[in-house]
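Note that our numbering numbers the sequence shown so that position 98 is 98, with each residue one more than the last.
Hints may be right or wrong, so weigh each one.
Said to hold, decoys possible - When the alpha-carbon atoms are kept at most 16 Å apart in a straight line, the in silico EDC-like pairs for lysine to aspartate or glutamate are as follows: (1) 131 - 85; (2) 163 - 145; (3) 163 - 201; (4) 108 - 68; (5) 123 - 148; (6) 89 - 145; (7) 108 - 151; (8) 163 - 141; (9) 45 - 69; (10) 108 - 145; (11) 45 - 105; (12) 163 - 68; (13) 228 - 34; (14) 108 - 69; (15) 228 - 201; (16) 108 - 155; (17) 108 - 184; (18) 89 - 116; (19) 163 - 85; (20) 131 - 178; (21) 45 - 58; (22) 89 - 238; (23) 123 - 85; (24) 45 - 194; (25) 131 - 148.
Hint data in this document are derived by calculation from the structure and do not stem from the laboratory.
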Amino acid sequence: MLLSLGACFSLKAQIADSKLVNGKEERFSTKGVESIPAEMVYQFKNDAARLALRSLGDPSHQPILIPEDLTQSYFNILINIYTHDDVAKSIANCHIHTASSPSTDYLKIIYERTVDWASPLRKGITSTDSKIINNLIEQYDLLIERNEYFDARRDAIVLRAIKPINMTAIANELYPVEAVELIELGHDRNQDTDISIQTNDEGWQVRYLISFREEKSVQQHYWFYEVKWTGQVTLLSEGGAPIPEHLQCY
């Protein structure tokens, strides 16, 4: 299936919206995004931020803020596929999104329960007396979702990011805090899914992947798309193990 965007966007609009992804120029826009459900757009933005962060290399060596222009370019690619291919709509309806690594929205701080800065938390208040933690929360729009029991000696703060950021870099800032012993990044999902994007000579190859357990072994199903610089979308292949009936969305 090959769908051209030439009839949708003028050359002027394409040039105005051109961006670079991994040194390659993307020359199409995402007109019609307003027709996509808000929750879907939110998920695609999270996927795009994670893909952008992955493309930069080891997240522990990257800044806290993910470059907005790079994130927008990945978002454009994902939206372009979704809006011009019915199979891609089904993939999204199956909740196939990027795996949770690297984390862009969540971390858990495991700390010694009796430390002084945790006094408000021990009283049931979702705040701390740590200048480092409080400054990070204020500067990067973080939220203490909850404080929870971890073990006989330690509690854990679940920290959420309102907008996608590099949570590994946030963790680097938190390790020096007194009594912080461990930081967990990311979280597991009931379904293992992922999206990966790589460049080629004509554009990008995008892989959607879902993993599931069948007869005591892990199976995978995948879809490969190509998105050309011009915005043309092609479903190159679909394969792997058959998707279990209870997971199928089409």
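Hints, one by one, checked against the model:
| no. | hint | verdict |
| --- | --- | --- |
| 1 | 131 - 85 | violated (49 Å) |
| 2 | 163 - 145 | holds (14 Å) |
| 3 | 163 - 201 | violated (33 Å) |
| 4 | 108 - 68 | violated (25 Å) |
| 5 | 123 - 148 | holds (12 Å) |
| 6 | 89 - 145 | violated (32 Å) |
| 7 | 108 - 151 | holds (14 Å) |
| 8 | 163 - 141 | holds (7 Å) |
| 9 | 45 - 69 | holds (12 Å) |
| 10 | 108 - 145 | holds (10 Å) |
| 11 | 45 - 105 | holds (12 Å) |
| 12 | 163 - 68 | holds (11 Å) |
| 13 | 228 - 34 | violated (23 Å) |
| 14 | 108 - 69 | violated (28 Å) |
| 15 | 228 - 201 | holds (9 Å) |
| 16 | 108 - 155 | holds (10 Å) |
| 17 | 108 - 184 | holds (5 Å) |
| 18 | 89 - 116 | violated (50 Å) |
| 19 | 163 - 85 | violated (28 Å) |
| 20 | 131 - 178 | holds (11 Å) |
| 21 | 45 - 58 | violated (20 Å) |
| 22 | 89 - 238 | holds (14 Å) |
| 23 | 123 - 85 | violated (52 Å) |
| 24 | 45 - 194 | holds (14 Å) |
| 25 | 131 - 148 | violated (21 Å) |
Of the numbered hints given earlier, the model fails hints 1, 3, 4, 6, 13, 14, 18, 19, 21, 23 and 25; all others are met.
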